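Protein chains: 2
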Amino acid sequence: MAPEQEAARGWEWRIRVSDVSSKVLAPKEGPICKLLLGVKALIVGLFLKLSNFLKKAWELASSDPRKAVHGMKVGLALTAVSLFYYIRPLYDGVGGNAMWAVMTVVVVFEGIVGATLYKCLNRMLATFLAGALGVGVHLLAKQSGEKFEHLIMGVALFIFASGATFSRFIPSVKSRFEYGATTFVLTFSLVSISDFRVDKLFDLAQQRLSTIIVGTLICILISMFICPIWAGQELYTTITNNMDKLANSLDGCVAEYFSGNEEGTRKGSEKTLLGYKCVLSSKASEESMANFARWEPAHGRFHFRHPWQQYVKVGAEMRSCAYCIEALNGCINSENKAPDRLKKRLSNICLEVSSNSSGVIKELGIVVTTMKKSSSIDFLVKQMKSAVQDLQTDIKSLPSLIIPQPLPETGNPQDKKTEANSTEVPSVMEMIPLLTLTSLLIEIASRIERIVSAVEELADIAQFQPVTDEKTTELKPDYKIAKDQNKEDETLQRV
Amino acid sequence: MAPEQEAARGWEWRIRVSDVSSKVLAPKEGPICKLLLGVKALIVGLFLKLSNFLKKAWELASSDPRKAVHGMKVGLALTAVSLFYYIRPLYDGVGGNAMWAVMTVVVVFEGIVGATLYKCLNRMLATFLAGALGVGVHLLAKQSGEKFEHLIMGVALFIFASGATFSRFIPSVKSRFEYGATTFVLTFSLVSISDFRVDKLFDLAQQRLSTIIVGTLICILISMFICPIWAGQELYTTITNNMDKLANSLDGCVAEYFSGNEEGTRKGSEKTLLGYKCVLSSKASEESMANFARWEPAHGRFHFRHPWQQYVKVGAEMRSCAYCIEALNGCINSENKAPDRLKKRLSNICLEVSSNSSGVIKELGIVVTTMKKSSSIDFLVKQMKSAVQDLQTDIKSLPSLIIPQPLPETGNPQDKKTEANSTEVPSVMEMIPLLTLTSLLIEIASRIERIVSAVEELADIAQFQPVTDEKTTELKPDYKIAKDQNKEDETLQRV
Numbered sequence: 001m002a003p004e005q006e007a008a009r010g011w012e013w014r015i016r017v018s019d020v021s022s023k024v025l026a027p028k029e030g031p032i033c034k035l036l037l038g039v040k041a042l043i044v045g046l047f048l049k050l051s052n053f054l055k056k057a058w059e060l061a062s063s064d065p066r067k068a069v070h071g072m073k074v075g076l077a078l079t080a081v082s083l084f085y086y087i088r089p090l091y092d093g094v095g096g097n098a099m100w101a102v103m104t105v106v107v108v109f110e111g112i113v114g115a116t117l118y119k120c121l122n123r124m125l126a127t128f129l130a131g132a133l134g135v136g137v138h139l140l141a142k143q144s145g146e147k148f149e150h151l152i153m154g155v156a157l158f159i160f161a162s163g164a165t166f167s168r169f170i171p172s173v174k175s176r177f178e179y180g181a182t183t184f185v186l187t188f189s190l191v192s193i194s195d196f197r198v199d200k201l202f203d204l205a206q207q208r209l210s211t212i213i214v215g216t217l218i219c220i221l222i223s224m225f226i227c228p229i230w231a232g233q234e235l236y237t238t239i240t241n242n243m244d245k246l247a248n249s250l251d252g253c254v255a256e257y258f259s260g261n262e263e264g265t266r267k268g269s270e271k272t273l274l275g276y277k278c279v280l281s282s283k284a285s286e287e288s289m290a291n292f293a294r295w296e297p298a299h300g301r302f303h304f305r306h307p308w309q310q311y312v313k314v315g316a317e318m319r320s321c322a323y324c325i326e327a328l329n330g331c332i333n334s335e336n337k338a339p340d341r342l343k344k345r346l347s348n349i350c351l352e353v354s355s356n357s358s359g360v361i362k363e364l365g366i367v368v369t370t371m372k373k374s375s376s377i378d379f380l381v382k383q384m385k386s387a388v389q390d391l392q393t394d395i396k397s398l399p400s401l402i403i404p405q406p407l408p409e410t411g412n413p414q415d416k417k418t419e420a421n422s423t424e425v426p427s428v429m430e431m432i433p434l435l436t437l438t439s440l441l442i443e444i445a446s447r448i449e450r451i452v453s454a455v456e457e458l459a460d461i462a463q464f465q466p467v468t469d470e471k472t473t474e475l476k477p478d479y480k481i482a483k484d485q486n487k488e489d490e491t492l493q494r495v
Numbered sequence: 001m002a003p004e005q006e007a008a009r010g011w012e013w014r015i016r017v018s019d020v021s022s023k024v025l026a027p028k029e030g031p032i033c034k035l036l037l038g039v040k041a042l043i044v045g046l047f048l049k050l051s052n053f054l055k056k057a058w059e060l061a062s063s064d065p066r067k068a069v070h071g072m073k074v075g076l077a078l079t080a081v082s083l084f085y086y087i088r089p090l091y092d093g094v095g096g097n098a099m100w101a102v103m104t105v106v107v108v109f110e111g112i113v114g115a116t117l118y119k120c121l122n123r124m125l126a127t128f129l130a131g132a133l134g135v136g137v138h139l140l141a142k143q144s145g146e147k148f149e150h151l152i153m154g155v156a157l158f159i160f161a162s163g164a165t166f167s168r169f170i171p172s173v174k175s176r177f178e179y180g181a182t183t184f185v186l187t188f189s190l191v192s193i194s195d196f197r198v199d200k201l202f203d204l205a206q207q208r209l210s211t212i213i214v215g216t217l218i219c220i221l222i223s224m225f226i227c228p229i230w231a232g233q234e235l236y237t238t239i240t241n242n243m244d245k246l247a248n249s250l251d252g253c254v255a256e257y258f259s260g261n262e263e264g265t266r267k268g269s270e271k272t273l274l275g276y277k278c279v280l281s282s283k284a285s286e287e288s289m290a291n292f293a294r295w296e297p298a299h300g301r302f303h304f305r306h307p308w309q310q311y312v313k314v315g316a317e318m319r320s321c322a323y324c325i326e327a328l329n330g331c332i333n334s335e336n337k338a339p340d341r342l343k344k345r346l347s348n349i350c351l352e353v354s355s356n357s358s359g360v361i362k363e364l365g366i367v368v369t370t371m372k373k374s375s376s377i378d379f380l381v382k383q384m385k386s387a388v389q390d391l392q393t394d395i396k397s398l399p400s401l402i403i404p405q406p407l408p409e410t411g412n413p414q415d416k417k418t419e420a421n422s423t424e425v426p427s428v429m430e431m432i433p434l435l436t437l438t439s440l441l442i443e444i445a446s447r448i449e450r451i452v453s454a455v456e457e458l459a460d461i462a463q464f465q466p467v468t469d470e471k472t473t474e475l476k477p478d479y480k481i482a483k484d485q486n487k488e489d490e491t492l493q494r495v
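For the protein sequence lines, the chains are B and C, in the order given. Counting along the first sequence from 1, when you hit position 113 you're at 113 in UniProt numbering, and nothing is skipped either side. Counting along the second sequence from 1, when you hit position 29 you're at 29 in UniProt numbering, and nothing is skipped either side.
Chain B on its own, in the form it takes in the complex (with noise of 0.2 Å):
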């Protein structure tokens, strides 16, 4: 049995042999040529991703060279520091001190001062507090025995880290110490695991603030100093370049349902009626500015504390009013178009509360930017309310032009209906878009009155003196020309 089963084996064996030679050998060169292919198709995807990518990048640095400089700037920065410490060996040499401050650099340094001075005295309060604590609880743990030692650290650090990690969620802490919270457990850590002797202690505490010094030193210097972003400006900024894009949508948006609705006038100004879209989804970056601006000392105009949550507060304002124009766009765009005849009778005025509303906006932006008291906005919203008033009463007029002229002969009543309704009477259907519309500049305009007595109130805490008129006409376009340098790239960007 033994050698049958041998010889089928080898029968068996060699069939299998020829048969896999066959299999292997017909297709042979095709997955070379395909895998030649495969590595080509692969090398020319990448270099074209790298293009694209390195296209996009140019793009980025050309549209907003100051991220471009920021990178530069940390690249300075670290130069600097590391230059520090190859030209001047202190203490043991290039080593563990220079690259504490290495670290300190590439951690602390931000974009914007306030981010950078926030990080920079979050870290030194905290390192220094930790580390004191650090060596405290060690220093007590020493005492109570070897045994004992490594448990009672370990219990401190549980604890510690633990606090302070939690310490995070909450909003005082968060605003202010988030940053601190952790480098506060991550220096308890490092001294709580160090095994250091007492006798050397100063030396290693005296040469570790003085790299971190160095370090955030540096930092310090090169942001504040090298084209400088600050977070108040920055604030300031996009408060008073929303209020442009608020006045201009609302205008246009009115504007635009008036003069007839044709595809190619909206396209083109298509950017300037989503303009209050930027208002939309600005709360995010205006509270942490508003956050960053309050580590930030006096510039530009600015001085220390600086009411900066009442520009937040303003923000808030405006978004509210935002949310009308959106619904008011929303409104535009439907499909119920009122007749025209009514359009005509509501046109004038409903163009005179949109400019008079976005008037006001307006005023309100010369009011921030130039930091002046205007002396025009009590007559402005003035005008504004009597605009609405006038809508409200040509509104209250309708009725006359809704119910039919009587006839001049008396004929059958029946009659007198059925061609009312078919010629005279615009079905209040028709009417509601328009309807909605001035309702809804109603609200508007009561909407802007907010942000008038936010930005009163901000005039007032932060002391804007009472304007000249000379000055105004002077300073208005210098400013603008300024304000939408900076940001018009960064707009587009968002939108």
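Hints in this document: simulated from the structure, not taken from any laboratory. The structure presented is a predicted model; accordingly, all values stated were derived computationally and were not measured. Treat the hints with care, as some may be off.
To be verified - Restricting the straight-line Cα-Cα distance to at most 25 Å, the calculated cross-link-like pairs of lysine-lysine (DSS-like) are:
1. B:Lys174 <-> C:Lys55
2. C:Lys396 <-> B:Lys344
3. C:Lys271 <-> B:Lys313
4. B:Lys283 <-> C:Lys313
5. C:Lys343 <-> C:Lys385
Based on these hints, arrange chain C on the given structure of chain B.
Frame of chain B; chain C shown alone:
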């Protein structure tokens, strides 16, 4: 002249002395008392502040225990790492290496699993890349002689640090590799300033790598297996909760308008009415959750690469709907009140539109919650559309209401008009809030259709299965309870 001056000075000096002492002596007891009082006030103040702070912390911890749990997880991870190095003194004992593991834990550990994974993977990738590149540049620089070494290293550091920092602003890098870019800069700078010997290079690399892996592993394990908070689950919960809130707000607003505006009822259900405000401000958190969720492995009912970005789209459509509810809420609170007769006439149909609309949103909520395609959504949408049609028809029938019924006797036409105006015809002004409400309801219904198509797209991409009837009813209550428990408290904070 000199002695005279001397004398004069002496005299002056004496006078000043007496002057000063008299000034100091008179209120001497005052300042001490004041000081003591001040110190007392300070201590009491500090104590009050501290107790207030602790109270707030306690409230936060009890309202959202997950935050306290996160704190403890960080404590646990740090203690674990430090004990690991205490117990097994690897390589050169507890020293430089343990430091890197601790640092990794502190920097990488986040409350959300996706964020931890994102940071871990970024850190490992960036460390590896920067390390290899740094060593390469170092070796190259060493070959060009002592003189040029520092120069080459400095230039390389500047170029790579600038480039990597700038790359953080490029959108595609920002959303996935921002943290990696920071780590790259850090590692590259550390390698370029360290003065290593080539023969020890691989030892060093191996040690550094092993410590980072230990730190990273501990982070990932603790983050994923002890009370994990998944970004995907959070995003999913936010979206489904927001759908409920949107539906309730819409229902509540319309119901409140037609039920008559009693102050008591309004205040009681204020929370429900203003639920839509959560939707207005959830953009940033939804986007960051979606970014983190893509790093997460399969968890719960979500597989790896679940289409998280589609949830963001659904969220955006919901926000566009919330803007309209904002405007609706504004126009409901406006001063013009529609006459009761007119309100009553439209009340039923408006309530029907709103309840149908909110029904659609609630059904969408169930679709997303159960991850099953709904069998009734098409029917519900049809119902909503037909209710909108009915509303439009009802409004179209309104002119007959406004136009006075022709009087039976034919009197003076002038008289008829006056009478009609004063008694029968509600002025358009009075009708405006009601008409705006209907118009916004119609707009909201059309925006809800956009949410429907976004959810349907999600159901297609994520391959939701059709629902079987008994399953829905079984699953619904469970999910609801779990969802509500998770998010209810956080919502309270946010509102």
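For this session: Identify every previously stated hint that the structure contradicts and give their numbers, smallest first.
Result: none
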